[in-house]
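Those protein sequences? They're chains A and B, same order as listed. Its first residue numbered 0, the first sequence is counted upward by one per residue in numbering that gives the first Met the number 0. Its first residue numbered 0, the second sequence is counted upward by one per residue in numbering that gives the first Met the number 0.
Honestly, the hints are just simulated from the structure, not real lab data. All values reported here derive from a predicted model rather than from experimental measurement. Beta carbons: idealized from backbone N, C-alpha and C, even for Gly. Be aware that a few hints might be false.
[What the hints assert, rightly or not] Listed next, the stretches of chain A that the computed footprint assigns to chain B, with coverage defined by at least 3 CB atoms under 8 Å from CB atoms of chain B:
no., segment
1, 59-69
2, 73-79
3, 132-142
4, 168-176
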Amino acid sequence: MTFAVFEWLNSGNNLSFILEGFAINLEIALVAILLALVAGLALALLRLSRNRLVSTVAGLWVDLFRNLPLLLLILFLFLWIPQGWRNTWENTIPGWAPEAFQSGLMLAGLSGLVLYNSAVLAEIMRAGILSLPRGQAEAASALGLGYRQSMLHVILPQGLRRMVPATVSQLITLNKDTTLVSIIAITEVMRRARTVTATSGNPFTGGGVDAPILEVFIFVGLLFIAVNFALSRLSKRLEVRERRRSGSVPKPQVRGLEEQVA
Amino acid sequence: MPFAFFDVLTDNFDAFATGFGTTLRIVVLSFVIAMVVGTLVAAFRVAPNPWLQRLGAIYVEFFRNIPLLVLLFISFPGLRRAGVEITAIVAGVASLGLYTAAYVAEALRSGVFSVSKGQIEASLSLGFSYPQTLRRIVLPQAFRTVISPLGSLIIAMIKNSAILGGSILALDDLLKAGRVIQSRTFETVPSFVWAAAGYLILTGLATVAIRRLETRYAVRR
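Work out the full structure: start from the sequences and follow the hints.
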């Protein structure tokens with residue numbers, strides 16, 4: 000009887016079924032963080048723009064999407080995005096993209112994740128850029144660099160390096176948030192875990208053993224903990240290295256883990 | 000057309016108000032749990048005993064790295080199927096509270112480290128015991144430096160509370176109210192905009208309150 004604990008893992012292809020589901024979550028997180036980095040940089044630059052109107056609008060946009068629950072965004076996009084857009088997504092997504100991305104539902108899931116995370120990352124980047132001493136921008140303009148040149152060659156390379164630890168921390172949050180797309184019926188690890196628990200002798204997984212909900216979700220939780228723990232270690236190491244590199248800065252404005260927010 | 004937009008609010012005001020109340024209740028209850036458990040875990044993490052430190056670290060790494068939705072599946076259908084009679088609201092509030100407690104513990108811990116070592120040494124040499132030092136000397140000072148990190152945690156909690164109503168728990172919170180009204184009226188944009196407005200009111204109020212506290216008590220790190 001004691002050996003019956005986690006017996007379901009060895010039954011049928013339950014284990015690989017769950018692990019493949021978890022890989023989908025990691026893929027979603029990876030794609031979303033890349034898109035969010037690009038969009039976040041654009042938002043940060045717009046917010047720092049010298050044009051009052053542009054910076055105000057970008058500021059409102061960032062504050063709006065940062066302060067809304069991510070699940071609300073995802074559910075709204077799921078219900079609001081017209082069928083036509085989903086079809087366009089399904090038709091244009093290249094065949095080599097992972098299978099989970101072929102579904103039109105992914106459009107709502109990904110847009111929600113990117114809208115939210117780009118707003119969060121924009122704030123992190125803005126803080127990184129603003130944390131540079133004023134002298135950097137002044138020196139650049141004294142050397143005759145224009146706004147664009149000084150951004151590209153002086154400000155961004157330094158400012159963005161400072162936000163690397165905080166970005167890794169955000170990736171941890173994003174990893175966890177990928178589970179939310181299960182609520183709009185995207186099949187990833189949460190959905191697959193529910194499939195595994197649904198019945199014994201499950202046709203999808205070929206398992207012939209009862210899989211208790213408690214055990215299955217503890218197992219799923221441990222998968223996330225393993226990956227996120229490794230990421231948090233990485234973030235901490237990057238932070239220490241960055242602090243050592245920019246030795247003159249005693250307290251970096253962009254903190255990593257200790258200010259990571261749920 | 001613009002009338003329909005406001006009609007969605009006025010026609011369903013009771014449902015939105017109930018949802019708002021439920022979300023507020025969830026946030027307040029979870030925050031109490033998060034503060035109590037978080038303070039305890041932080042005390043473990045800075046305790047002189049290495050085993051207590053390790054226990055605190057395990058707590059933090061577990062609850063900080065697990066998705067809240069997974070916690071909800073463990074605590075509600077998981078425990079129920081295993082024979083524990085737990086209600087949706089208890090499972091939800093406990094999950095959100097214990098999850099946020101890990102972040103609270105980390106915020107407090109970094110606050111404790113911001114109190115200079117000399118303070119602790121002075122108080123120990125004055126004859127205070129370690130728990131007394133922590134309670135009377137370190138924590139009052141630490142709390143002041145952690146007002147703003149705790150503030151961001153409250154805002155994150157307000158946002159995370161939506162996962163309770165949006166998922167299997169199906170509590171009648173603000174997001175749930177928006178969804179129900181959407182499915183009844185098919186007015187997708189207004190239903191969600193009004194629910195979003197409710198969340199923005201909560202996060203906005205929290206922001207203002209924290210800013211007030213900060214200007215009164217906060218010490219810049």
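A quick look at each hint next to the structure:
Counting residues of the segment 59-69 of chain A whose beta carbon lies closer than 8 Å to any beta carbon of chain B gives 5, which reaches the threshold of three, so the coverage claim holds. Interface restraint, the segment 73-79 of chain A with chain B: holds (4 residues with C-beta to C-beta distance below 8 Å; minimum three). Only residues whose C-beta sits within less than 8 Å of a C-beta in chain B count toward coverage, and the segment 132-142 of chain A has 0 of them, not enough to reach three; the restraint is violated. With a threshold of 8 Å between beta carbons, the proposed coverage of the segment 168-176 of chain A by chain B holds, since 4 of its residues qualify and at least three are required.
Of the hints listed earlier, the one the structure fails to meet is number 3.
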